[in-house]
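A.B. asks: This is what each chain is made of:
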Amino acid sequence: MSIHQRTLLTVICEAALEKKLVADLEQLGAPGWTISDARGRGNRGVRSAGWDTEGNIRVEIICARDVAERIAAHLQAKYYANYAMVCYLAQVEVLRPERF
Amino acid sequence: MGLDPVVLFFIFGLLAGLVKSELKLPPALYETLSIILLLAIGLHGGVELAEQASPTLLGQSLLVLGLGVLLPVLAFGLLRGLRFDRINAAAVAAHYGSVSAGTFAVVVAYLAARQVEFESYMPLFVAILEIPAILVGILLAKGVSRDTQWKELGREIFLGKSIMLLLGGLIIGAVAGKEAIKPLEPLYTSMFKPVLAFFLLEMGLIASGQLGALKKHGVRLAVFALCMPLLGALIGALLARAMGLSLGGTAMLATLAASASYIAVPAAMRLAVPEANPSLSLTASLGITFPFNILVGIPLYLRLAEYLMAWGL
Chain A
11 MSIHQRTLLT VICEAALEKK LVADLEQLGA PGWTISDARG RGNRGVRSAG WDTEGNIRVE
71 IICARDVAER IAAHLQAKYY ANYAMVCYLA QVEVLRPERF
Chain B
194 MGLDPVVLFF IFGLLAGLVK SELKLPPALY ETLSIILLLA IGLHGGVELA EQASPTLLGQ
254 SLLVLGLGVL LPVLAFGLLR GLRFDRINAA AVAAHYGSVS AGTFAVVVAY LAARQVEFES
314 YMPLFVAILE IPAILVGILL AKGVSRDTQW KELGREIFLG KSIMLLLGGL IIGAVAGKEA
374 IKPLEPLYTS MFKPVLAFFL LEMGLIASGQ LGALKKHGVR LAVFALCMPL LGALIGALLA
434 RAMGLSLGGT AMLATLAASA SYIAVPAAMR LAVPEANPSL SLTASLGITF PFNILVGIPL
494 YLRLAEYLMA WGL
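Here the protein sequences come in this chain order: A and B. Counting from 11, one number per residue, gives the positions in the first sequence under the working numbering. Counting from 194, one number per residue, gives the positions in the second sequence under the working numbering.
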């Protein structure tokens with residue numbers, strides 16, 4: 011069994027952004043992503059997901075380092091100023107590198 | 194006549210939320226209830242519309258569209274007068290120019306309980322009033338700017354959930370006609386109030402959550418959220434009189450003009466004017482104006498309509 015290094019980019023943001031975000035990811039060449047609902051607390055206060063506009067999503071993308079950095083830079087430039095958004099990178103190990 | 198039981202459900206939800214009870218309805222249930230209500234309102238309107246369609250309806254629709262443009266501009270002026278910055282004033286104004294289908298459902302039940310007749314095509318006006326305020330709000334916030342994505346926004350506005358459900362219901366009702374729709378009739382007769390009661394219970398819980406944020410935004414917002422519905426109701430009622438609507442129709446248009454959106458507009462404004470603080474609009478429309486209209490406003494607007502008619506307006 012061979013193990014390969016890839017980068018996991020996790021984005022947590024307002025659910026309102028989902029459509030825009032998916033369009034961006036497609037354009038920036040993300041090989042795939044997983045989206046789930048999320049709730050929690052950050053410097054914009056409690057985001058309880060109790061109401062439509064308070065909904066949050068977590069988007070996970072596993073890809074090559076350069077793609078992850080490109081996406082992260084794009085998100086920072088486009089959304090950080092006005093939206094609740096956090097993103098972070100982590101090294102992960104995958105089994106089938108051709109998929110990511 | 195005491196408080197309507199559906200209003201008691203709303204108060205129950207409000208209190209349960211305020212004492213931080215564990216009571217919580219699943220989000221999917223809220224979705225379901227609001228879909229049923231909107232479809233029921235649309236269907237009922239459609240069935241009656243097919244029976245009494247008339248060319249004057251077109252002119253009235255245009256006037257209502259004009260009301261949808263006027264209201265956000267007025268709200269914007271009022272907010273600027275209360276020294277809100279331009280972006281936030283525009284975003285909040287868009288909410289108040291648009292309508293709340295939940296409030297509409299309550300006024301339907303209120304008038305029906307008092308056997309006050311109203312024009313059957315009112316649901317059409319709900320759909321019409323949803324549209325212009327969002328556009329006016331964006332224009333007030335940004336002027337005509339090139340980076341507004343009108344195409345995407347248009348989808349959001351015209352294909353939004355509540356408009357689709359209302360218009361879909363209207364068309365199905367009109368096409369099917371009174372006889373064929375019989376098996377579905379409970380939707381807007383015997384089933385309407387139970388569904389509305391559960392819906393209002395959830396709305397009470399949600400509104401109580403928004404009340405907490407009120408402390409942050411202070412008195413100016415509360416003043417606006419209480420004055421604007423009164424001003425809107427007066428304008429709506431006067432327009433209804435000018436259009437020659439019935440007593441029920443006048444109270445209803447007044448209620449529509451007094452209500453503020455909390456579903457379609459927040460979603461659209463979040464994308465179109467992201468600089469605006471979304472909690473400001475939601476606190477005002479959900480935390481103050483919605484409860485005010487349900488508890489005090491609707492009976493008041495019916496009274497207003499009665500006075501206006503008594504004065505021969």
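Careful, some of the hints might be misleading.
Below, in silico cross-link-like pairs of lysine-lysine (DSS-like), each with a Cα-Cα straight-line distance of 27 angstroms or less [stated by the list, open to error]:
1. B:K386 with B:K217
2. A:K88 with B:K344
3. B:K213 with B:K371
4. A:K29 with B:K386
5. B:K344 with B:K375
6. A:K29 with A:K88
7. B:K217 with B:K335
8. B:K344 with B:K217
9. B:K386 with B:K409
10. B:K217 with B:K354
11. A:K29 with B:K354
12. B:K335 with B:K409
13. B:K335 with A:K30
14. B:K409 with B:K375
15. B:K409 with A:K30
16. A:K88 with B:K335
17. B:K335 with B:K354
18. B:K386 with B:K375
19. B:K344 with B:K354
20. B:K213 with B:K335
21. B:K375 with A:K29
22. A:K88 with A:K30
23. B:K344 with B:K371
24. A:K30 with B:K344
Treat the hints as calculated values from the structure; they're not laboratory data. Since this is a predicted model, take the numbers as computed values, not measurements.
A.B. asks: Work down the list of hints and note, for each, if the structure agrees.
C.D. replies: Status of the hints after comparison with the structure:
no. : hint               : result
1   : B:K386 with B:K217 : holds (21 angstroms)
2   : A:K88 with B:K344  : holds (19 angstroms)
3   : B:K213 with B:K371 : violated (46 angstroms)
4   : A:K29 with B:K386  : violated (35 angstroms)
5   : B:K344 with B:K375 : violated (40 angstroms)
6   : A:K29 with A:K88   : holds (14 angstroms)
7   : B:K217 with B:K335 : violated (39 angstroms)
8   : B:K344 with B:K217 : violated (37 angstroms)
9   : B:K386 with B:K409 : violated (35 angstroms)
10  : B:K217 with B:K354 : holds (23 angstroms)
11  : A:K29 with B:K354  : holds (16 angstroms)
12  : B:K335 with B:K409 : holds (26 angstroms)
13  : B:K335 with A:K30  : holds (20 angstroms)
14  : B:K409 with B:K375 : violated (50 angstroms)
15  : B:K409 with A:K30  : violated (30 angstroms)
16  : A:K88 with B:K335  : holds (18 angstroms)
17  : B:K335 with B:K354 : holds (26 angstroms)
18  : B:K386 with B:K375 : holds (18 angstroms)
19  : B:K344 with B:K354 : holds (17 angstroms)
20  : B:K213 with B:K335 : violated (39 angstroms)
21  : B:K375 with A:K29  : violated (40 angstroms)
22  : A:K88 with A:K30   : holds (11 angstroms)
23  : B:K344 with B:K371 : violated (38 angstroms)
24  : A:K30 with B:K344  : holds (13 angstroms)
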